[in-house]
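Enquirer: With chain A's structure known, arrange chains B, C, D and E with the ligands on it following the hints.
Protein chains in written order, with the working numbering: chain A, 15 to 333; chain B, 15 to 333; chain C, -2 to 261; chain D, -2 to 261; chain E, 116 to 427.
Hints are not guaranteed to be accurate.
To be verified - When the alpha-carbon atoms are kept at most 27 Å apart in a straight line, the in silico DSSO-like pairs for lysine-lysine are as follows: (1) C:Lys138 / C:Lys184; (2) B:Lys226 / B:Lys130; (3) A:Lys97 / E:Lys360; (4) A:Lys97 / E:Lys417; (5) E:Lys195 / E:Lys390; (6) C:Lys138 / D:Lys227; (7) D:Lys235 / C:Lys184; (8) E:Lys237 / E:Lys341; (9) D:Lys184 / C:Lys236; (10) D:Lys138 / C:Lys227; (11) A:Lys97 / E:Lys335; (12) C:Lys184 / D:Lys236; (13) E:Lys278 / E:Lys157; (14) E:Lys178 / E:Lys195; (15) E:Lys150 / E:Lys196; (16) C:Lys125 / C:Lys138; (17) E:Lys339 / E:Lys243; (18) E:Lys157 / A:Lys97; (19) C:Lys199 / C:Lys236; (20) C:Lys123 / A:Lys226; (21) E:Lys243 / E:Lys335; (22) D:Lys184 / C:Lys227; (23) D:Lys184 / C:Lys184; (24) C:Lys184 / D:Lys227; (25) B:Lys226 / D:Lys123; (26) C:Lys235 / D:Lys184.
Stated by the list, open to error - Here are a few chain D residues that face chain B, going by a calculated C-beta distance under 7 Å: (27) Ala55; (28) Pro75; (29) Ala95; (30) Gln119.
As the list claims (entries may be wrong) - A few chain B residues that don't get close to chain A, going by computed Cβ distances all over 10 Å: (31) Ala55; (32) Phe173; (33) Leu198.
Just so you know, the hints here were simulated from the structure itself, not pulled from any lab data. Every residue, glycine too, gets a C-beta built ideally from N, C-alpha and C.
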Amino acid sequence: MNSLTSKLPPIGTLGPFVALLLACVFFATQSERFLTSQNFALILQQVMVVGVIAIGQTLIILTAGIDLSCGMIMALGGIVMTKVAADYGLSAPVAIACGIGVTTLFGLINGLLVTKVKLPPFIVTLGTLNIAFAITQLYSNSQTITDIPDGMLWLGNTFRIGDTAIVWGAILMLFLYLVVWIALRETAPGRHVYAVGNSPEATRLTGIATDKVLLGVYVMAGVFYGIASLLSVARTGAGDPNAGQTENLDAITAVVLGGTSLFGGRGIILGTLVGALIVGVFRNGLTLMGVSSVYQILVTGILVILAVATDQLSRKGAR
Amino acid sequence: MNSLTSKLPPIGTLGPFVALLLACVFFATQSERFLTSQNFALILQQVMVVGVIAIGQTLIILTAGIDLSCGMIMALGGIVMTKVAADYGLSAPVAIACGIGVTTLFGLINGLLVTKVKLPPFIVTLGTLNIAFAITQLYSNSQTITDIPDGMLWLGNTFRIGDTAIVWGAILMLFLYLVVWIALRETAPGRHVYAVGNSPEATRLTGIATDKVLLGVYVMAGVFYGIASLLSVARTGAGDPNAGQTENLDAITAVVLGGTSLFGGRGIILGTLVGALIVGVFRNGLTLMGVSSVYQILVTGILVILAVATDQLSRKGAR
Amino acid sequence: MSDPNQPLVMQAKGLVKRYGQVTALDGADFELRAGEILAVIGDNGAGKSSLIKALSGATVPDEGEIYLDGQRVNFRSPIDARRAGIETVYQDLAVAPAMTIAENLFLGREIRRPGMLGSVFQMIDKKKMLQESIARMNDLKVGIRSMTQAVETLSGGQRQCVAVARAAAFAQHVVIMDEPTAALGVKEGNMVLELIRRVRDKGLPVILISHNMPHVFEIADRIHIARLGKRAAVVNPKKISMSDTVAVMTGAMTAEQLAPECLA
Amino acid sequence: MSDPNQPLVMQAKGLVKRYGQVTALDGADFELRAGEILAVIGDNGAGKSSLIKALSGATVPDEGEIYLDGQRVNFRSPIDARRAGIETVYQDLAVAPAMTIAENLFLGREIRRPGMLGSVFQMIDKKKMLQESIARMNDLKVGIRSMTQAVETLSGGQRQCVAVARAAAFAQHVVIMDEPTAALGVKEGNMVLELIRRVRDKGLPVILISHNMPHVFEIADRIHIARLGKRAAVVNPKKISMSDTVAVMTGAMTAEQLAPECLA
Amino acid sequence: QGQPVIGLITKTETNPFFVKMKEGADAEARKLGAKLLSAAGKTDGDNAGQVTAMENMMAAGAKTILITPSDSKAIVPAIKKARAQGVMVIALDSPTDPLEATDALFATNNYKAGELIGQYAKAALGGKPAVIATLDLFPGHPVGAQRHNGFLKGFGLPAPDAKSNELGGKAAGVVCMADSFGDRAKGQTGMENCLQKNPNINLVYTINEPAAAGAYNALKAAGKEKDVVIVSVDGGCAGVADVGKGVIAATSQQYPLRMAAMGVAAGVEYARTGKKVSGYTDTGVALIAAKPVSGVESKDVKTGMDLCWGNK
Ligand SMILES: Nc1ncnc2c1ncn2[C@@H]1O[C@H](COP(=O)(O)OP(=O)(O)OP(=O)(O)O)[C@@H](O)[C@H]1O
Ligand SMILES: Nc1ncnc2c1ncn2[C@@H]1O[C@H](COP(=O)(O)OP(=O)(O)OP(=O)(O)O)[C@@H](O)[C@H]1O
Ligand SMILES: [Mg+2]
Ligand SMILES: [Mg+2]
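Excised from the complex, chain A in its bound form (with noise of 0.2 Å):
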């Protein structure tokens, strides 16, 4: 028996880990500035707004939901913090509560739509991806919001350990996979995700609420969005109403590499975190050995379908 539960992480999480770790001997034997740990601060750094984006992502993609609007939604928090904080001049706290306010209000939309009116989550998030992004070009007139208060920087500040400068954001990111990661794996809601998304129809037969479970999840992925929104705002600092346009690929990607189906009920979110740094590997990983960037898409496009071949191939072996 025992036997058996040490098997499950392995078969989520080793194909893609195996991957990245592939990926991580290449480049290393690519550029020596690749392998110090001054680089890989740098990288869960890059990787830190769109993972975040990926917990929200994973958890509808695990209801067999996917969510187009997250990146748009990022990108709105971000100017309604901002622009609450430089317009009004209300404290960081009180402006970072607005922001996430707003994209948990958003969450709270798409999981009414999805579960009141039935729609199919593409659609409802294709919608409110169109509608975030309008509402965040009026409301911001397009320009980017720089005036901002240190209290909503402090995550994108760096401590040190040996030389090696750490961003807090990266740390917030770490924190946050390890909890929803427990949240998952032991909590009585975490499992109902996972029985929503495996069969709904028989879920709802053993009188789990499947609605209140799928409402949860997409206004919890709605918090992950505003998180986001403040990392993205610490990173960068600044409010920008162009941000998040590829996010929703991209995390959509991170989740898929990771090893959850996009047919719901399998994956494990530890492997997102791991997608995630696959994607941020290969594009830090290029540019270092000085490829341009025509050529980095082209091997990224290949390497994207390399990663997850070896992840079928390594569940295959794990049989």
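Expert: Only chains B, C, D and E with the ligands this time, still in chain A's reference frame:
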């Protein structure tokens, strides 16, 4: 029995159709220029490229797959056919064959990765999306190609019915929809596409070579993307290396608006046509109303949700 | 066991359920007495599953009334029925295939950890759930090696045992089982019958749908015969012959043609 | 019916199939003679479904050999088995739920239209398929109103009838049925037994997996008893008692303890 | 004859440059009593979207169309069709290829804008050997190539000419090239990776000011913001403010508001009198720098703020 058969199409197409009608009625009240045959011919012309891409996308989604690479493959096809004609001076038919050959090859690659290596379609096509984009840029040197032989442009020419100038490409699109509709309904391979999407394991157990069906679908999709390349070249009169960047989401939107399930096995191809028209009608109608483009995005977001909600309600009604 | 003086635990009057042009229930009545095992039999498509889906809140009937302990109830969802203590094994086995046996057994009522961890953070006690699962499944004498195995890796019969064990373990008021022994072997089938008896002896009434006549005659206190979406008759297995029962079920005989003492 | 001198149509030696740590088949042997109905019985999880999945190409065994008419075969997929004329009803009902009954019946071997339309364009003859479906289902006396109904709207038993009808209609060589009567009513169950007999009388051997002992004893020529992934014994239902059979099945008795004439 | 209808088609919705352009056009249209329709491609480079917008505007009765072509060549056939129907088409900001495809062009010269900051950077570095990083737009974009190549030319490095869509400089002292998509966060990521590759970078060319701000963030985090010269293009109000703060050393300023207002005025004129404008009108580029260097003409931040986006 007859009454049941006659009930089948509505469930799939009536909903989107109602949404389309409502949109038309609305725009007709807003702009006297909307309800003219010339304007409808225009809309048809504007949706023809995405419409043909969406045929391939529908086939793939019916098998519970998804294709993110469709737009980029289309762009690559356009570049290949125009460059072959312009640089090597080959005749239009040969050049067109080369272009469609390349898109078909990409379809084949997608299909092989999905069936033989058993990778998820999302990841495969995310990879080939990047690969096709990079090849397009490298091969074209990021230059638009404009010396196009006339033989490649005639699908962009118009003929007149009364006052209305209709473009040949639109007729081709409608014809393709008709053919695929019949093929899916009336032929054995067509029914197998539904079966594979509906229950791959059951289909395999009945002795159908599901891999061959899937491979065929991806290859056919590649052919449709090639035809879309030709339409795109004919419509814009140029081989454009930056084409196709948003066509994947647009095509998937058309498919889903048209009532096809992203989980495969359920849907009607004509719904996709209606879905593509809904998008075209919105864009056209809103421009005619003079709605500025940020507001257009906002309105589109709301309308996409409303359109599918209408669909949902009309289905309930039908039961 | 069954006694006309026993109060009615569940009652339904004139249930109608239509699916498009198909009328699955066509004015069905239903009565379940306290402490009895009521078998529901009928041809395929007679509306048995539809009936119990209505009783368990899985579908909402188009017409008709349902009473629980004499009170009119309106189940809008399985959650409502659950709350009222009604536990159901569905024919199409409501299990989550990718989740483990233990998780499936406790789905929706996980055992919480003691203290804050359980009450505030809703953390589950996996160890205890595992132990309990082993105990429950041992009751059914099913040879399943590991409770942390995903349900999708089980054989058809093993899967059915999971669903049965779940219902038996948690029912407070009424247990409904839609063909629980259909996929079971001789030994396992007998274990389930034994389990049903034990549940009844705890005082809970059981509704058992089955096509297995020997099973039905062995265990039922009364037999509800469904036919064409209606209740054709309720008979007493102690008094009636198997062949007469089948005759009513298939429509070869009507309830009126039966000897009065056969009816229950 | 069954005669030791009849040639072996299908034979398997030492089949092994492992799923991770679970060994579903542990060196199973198997023999099917021409023109016989061979019942396969065993506890839940004894490896019956795994055995027939190996015989029908649905899974590839890890070890062991399969012979068809004395020729070694290597089924890599159900298509191979199909081509060899082996038709199977799987326990987990291989149907496409969103497709109609008629389509499911003919899935993979649709009737083509006459002429070019059928041969070149592969167009199907829906009308003819509909008529054929009605005829087939009438054979089973199933009261299904419309063949253009989606299979997902059928009752459990009705669905099973679709799968059974399909196998019976198309088999050329061997018919394998994994618990075809499990969800069926008395009448429908008897129709399926009748159908199995008719198939056998056409000269095709039938492998029938069932937990229903009366059914098995009524219809089988020989009984293959599966236990713990192996073949425990093959017995003759004419000579052996039901209780001895169950004893072997559950391991209370071994094959050696049986009277020699019981073995077949 | 009713209100003149004028269409404005920009590359995207979201770039402040085009937002300003639209504001300028709106204000001018209101002043002159014209109706302005506006639309944009979905992404930068979306030629088909611009073609669709053009058709829809003609269907809505526009007789003048102002367009900032996303693809200078690919848009030409559609413009030809429009002009054949009597519509006056004016290119704003960037020319079509060939130039004569439109009736007129009101634009700044992006190559020239690049040259100015190249010259400035050369002078600002003094004699120090340059270690250059460039944060470009994305592959295949003509504006990205023109500014980049202009910068190399101005800096005195071998560079492709103004028509090329390829980025030059790979072999000539540019140690790192990264795509920023004109976006702050992606600019920052690009700069971080470039610094990782070569920590001695002392000159950063950026496609626009948001990318420059991102680059500055990365440099600051590495404690190098004092040692590196950042140059950029656009001259937006936020960008000029950044020049004032010392974030950006110099930027080439362009005047979208002016282009748009001129375009609308020409459209109204055409509707009223039937007279078309023609030819190329350079709406000007100016170098804005906090610290002027000798040999390169520049304006100070105050002037830059007054003129930003072409306010006056
Ligand atoms: N979701 C549905 N949509 C359409 N028709 C349905 C649906 N569910 C059930 N039916 C129809 O209602 C009738 C009764 O079905 P039900 O499942 O209640 O039968 P049953 O008595 O349980 O049969 P079985 O013994 O085969 O399980 C059948 O004819 C079936 O086709
Ligand atoms: N895909 C699988 N993965 C893991 N284990 C499996 C899988 N399929 C079957 N098994 C295991 O193999 C054993 C034999 O299963 P099988 O389905 O052959 O039993 P069976 O004799 O058909 O039982 P039943 O009468 O309940 O249908 C069971 O213990 C089952 O858990
Ligand atoms: Mg039933
Ligand atoms: Mg089995």
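Enquirer: Next step is simple, just say for each hint if it's right about the structure.
Expert: Structure-based check of all given hints:
no.	hint	verdict
1	C:Lys138 / C:Lys184	holds, 8 Å
2	B:Lys226 / B:Lys130	holds, 10 Å
3	A:Lys97 / E:Lys360	holds, 21 Å
4	A:Lys97 / E:Lys417	holds, 25 Å
5	E:Lys195 / E:Lys390	holds, 19 Å
6	C:Lys138 / D:Lys227	holds, 20 Å
7	D:Lys235 / C:Lys184	holds, 22 Å
8	E:Lys237 / E:Lys341	holds, 17 Å
9	D:Lys184 / C:Lys236	holds, 22 Å
10	D:Lys138 / C:Lys227	holds, 20 Å
11	A:Lys97 / E:Lys335	holds, 24 Å
12	C:Lys184 / D:Lys236	holds, 22 Å
13	E:Lys278 / E:Lys157	holds, 25 Å
14	E:Lys178 / E:Lys195	holds, 14 Å
15	E:Lys150 / E:Lys196	holds, 23 Å
16	C:Lys125 / C:Lys138	holds, 20 Å
17	E:Lys339 / E:Lys243	holds, 16 Å
18	E:Lys157 / A:Lys97	holds, 26 Å
19	C:Lys199 / C:Lys236	holds, 26 Å
20	C:Lys123 / A:Lys226	holds, 23 Å
21	E:Lys243 / E:Lys335	holds, 21 Å
22	D:Lys184 / C:Lys227	holds, 18 Å
23	D:Lys184 / C:Lys184	holds, 25 Å
24	C:Lys184 / D:Lys227	holds, 18 Å
25	B:Lys226 / D:Lys123	holds, 23 Å
26	C:Lys235 / D:Lys184	holds, 22 Å
27	Ala55	holds, 6 Å
28	Pro75	holds, 5 Å
29	Ala95	holds, 5 Å
30	Gln119	holds, 5 Å
31	Ala55	holds, 27 Å
32	Phe173	holds, 36 Å
33	Leu198	holds, 21 Å
Hint check: no violations occur; every hint is consistent with the structure.
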